[in-house]
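S.K.: My request is simple: use the sequences and hints to build the entire structure.
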Amino acid sequence: MGKLSLIIKREYLAKVRNKSFVVMTFLSPILMVGMVVLIVYLTKINDNEIRTIGILNESNYFSTDFQGTESNSFVKFKGIGLEAAKDSIQKMGFYGLLYIPNEQDLEQVASRSFFYSKDAPGSSLLNNLENVFKDRLRLQRLQKLGVSVSDFESVDNNFEIKTATFTGEQNLKGITEIKAFIGGAFGYLIMMFIIIYGGFVMRSVIEEKTTRIIEVIISSVKPFQLMLGKIIGTSLAGVTQFAIWIISAFVMFGVLILVFDIDPSALNSGAGNTPGLIGGAAYVAASDSAMQLYANELFRIPWIMLICFFVIYFVLGYLIYSSIYAAIGAAVDNETDTQQFIFPIILPLMLAIYVGFFSVFNNPHGPIAVGFSLFPLTSPIVMLMRLPGGIGEGGVPVWEVAVSILLLMITFIGIVWLAAKIYRVGILMYGKKPSYRDLLKWLKY
Amino acid sequence: MNNILVAKEVSKQFGSHIALNKVSLEIPKNSIYGLLGPNGAGKTTLIRIINQIIYPDQGSIYFDGKPLQAQHIAKIGYLPEERGLYKSMKVGEQALYLAQLKGLSKSDAKIRLKYWFDRLEIGDWWNKKIQELSKGMAQKIQFIVTVLHEPKLLIFDEPFSGFDPINANLIKDEILQLRDKGTTIIFSTHRMESVEELCEYIALVHQSEKILDGKLSDIKKAYKNNIYKVGLGVQSANGLLEDLKDKFEILSSEYLDGGSQLNFTVQLPSDDTGPFLSHLSGKANVNNFMETIPSANDIFIRTVQSK
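Order-wise, the sequence lines are chains A and B.
Going letter by letter, the first sequence gives residues 0 to 444 in numbering that gives the first Met the number 0.
Going letter by letter, the second sequence gives residues 0 to 306 in numbering that gives the first Met the number 0.
Just so you know, nobody snuck in bad clues.
Lysine-lysine pairs mimicking DSS-like chemistry, simulated, CA-CA at most 25 Å apart:
hint	chain 1	residue 1	chain 2	residue 2
1	A	K2	B	K113
2	B	K127	A	K18
3	A	K221	B	K74
4	B	K65	A	K221
5	B	K7	A	K221
6	B	K109	B	K86
7	A	K221	B	K151
8	A	K143	A	K133
9	B	K21	A	K440
10	B	K89	A	K221
11	A	K420	A	K431
12	B	K28	B	K74
13	A	K2	B	K74
14	A	K18	A	K8
15	A	K443	B	K21
16	B	K128	A	K2
17	A	K431	B	K86
18	A	K2	B	K86
19	A	K8	B	K109
20	A	K8	B	K113
21	B	K171	B	K74
22	A	K221	B	K86
23	A	K221	A	K8
24	A	K8	B	K127
25	B	K128	A	K18
Keep in mind the hints are simulated off the structure, nothing from the lab.
M.R.: Pasting the structure below:
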């Protein structure tokens, strides 16, 4: 045990003292925050551009309806023909021309109106213009039907069917997706961690081979101890790095929000279209109460259970993959030879993520989701996407979790055993680039 | 119990390649034991088995009378031929780490390292990184790390490679002193002159088998073949050489000093030199008469080539 902790300590220190590691650790959050600031800034610039639009209104309607907004201003033309108006729009560098013809009926006016511009106009601009027409048309149609606006608003309803499980628990629309997304975030974290720090383990093994210190060390400790110490030490360095990232991200966002006075909700604006004149208030109110329900639902996600399983799947999954990385590092002499071996490792990881996002989101308990959450090379990611729905009634059946973890453990023991064998032989092999057949042969040594 | 290490019929196979075939060795305590053999003969495999890096398929190894076990690692020091250190780690830190892996406590390791660093006059390297050192400097560190835990058995695989002649001598003296303090040393090398100089015992491994072992002086005795170098003072070329050629097997001959000195080598039928010397008496002055002893180099080449 003493030797193992010595190795872990050395590997950890060697990693965290490494200059590029330090730079990565402290630069990444700055880069990330910088990106967000840049995006917000660019969005603002984009919004600040005011498009001037000419209106040639020959009708008797809409005389006061087009009001300038933050992004549009309107210039009214009078007493010139359509072609002349188009000409002057282009000469003055305006964005476009809205032509409203003179017809008797509003319906006809609307249907014959045209928008001219140099390039195809953006959809938000068109929406704005269309909303003006829509509101006016709706009002007129209501009048024709003899319905008052207030009556219409009272008729308008926003019906959603309420759903519940058989035991009477209320479900919320979209909560399945939200839950899967939370699980997906965990799964994604595992994948990123495996790819980044598995690679570190591999390079560290290659370094020991190329500096030829390996034989000195394994005359003092067992190769398996060295491999295990390396994996644990490197992952502790990884956990440190992740912790620094998460903490500094929070700190920097806090600072940014205070200093630059950025409204955090601005970051996710543009998701919904601005509602029209009618029914807007109702929409907002409805979404508020829904938010409350969703928040309640999120609090009801079994976080402690989820975090426990995250730790289990994370540890087992990471150990399986990083021992494969260690074996690859031992088999080759330099990093360029690793490509052919790395692809088969990345494949199940990518598969897990894609299957997770496409299949588990739609149906967390479908056959594909179940299959991939049992298969040990994908289960750490896929099962975590299913678990926020809970275990047992209405969630993942207990036997599936048990089988999945059992399979993962068996695979863990098997893979680590195989990887240790390849590692043991590989670290003393120099010169030739091994093939898969060589690796098989080494297992028999 | 006079052997620190005994190997009994050790065999090891890698796939279809037989690396060692029933090799038996007895390495006496407190000796320098040369492990010789051409490239690929199986020396490194044998050394790795002694270090428990790999395990034999058959046969057994005894260390100090007991079957070789994991705890014996602390009593063996190994300087591999393929050696190196962590490039970006500091010298002192690295030496401490490797010493602790061999089972020394940190404080013990520090004291001993200080002793060795002063002894080899490299005390000011402690905080340097290995990548700042020359190859020879790094080799010194490597040597210290190998002997630091005062093992009973030291295994050196080509210890002098990478050293300039001055430092090679320094290391050679250190090895001799370690031997004098009671350490047994297995010495694997291709440099026959250092075998000649250092080794009391040798074993020759060729094509996965041990083909020769024992005390170097005994082996030399066994390999001498009654060839003698003779120097005669003669008056003139008076037919003496022709006469000798008739009666004995003369391998080579030459006249020196204008014909007054005849040097030749002769192969005698047995180690009884009486008949030859009495034949010479009265015919010439015998200036020198010397038996040729085969060098380790000769023995190596003759044994390997005869197989």
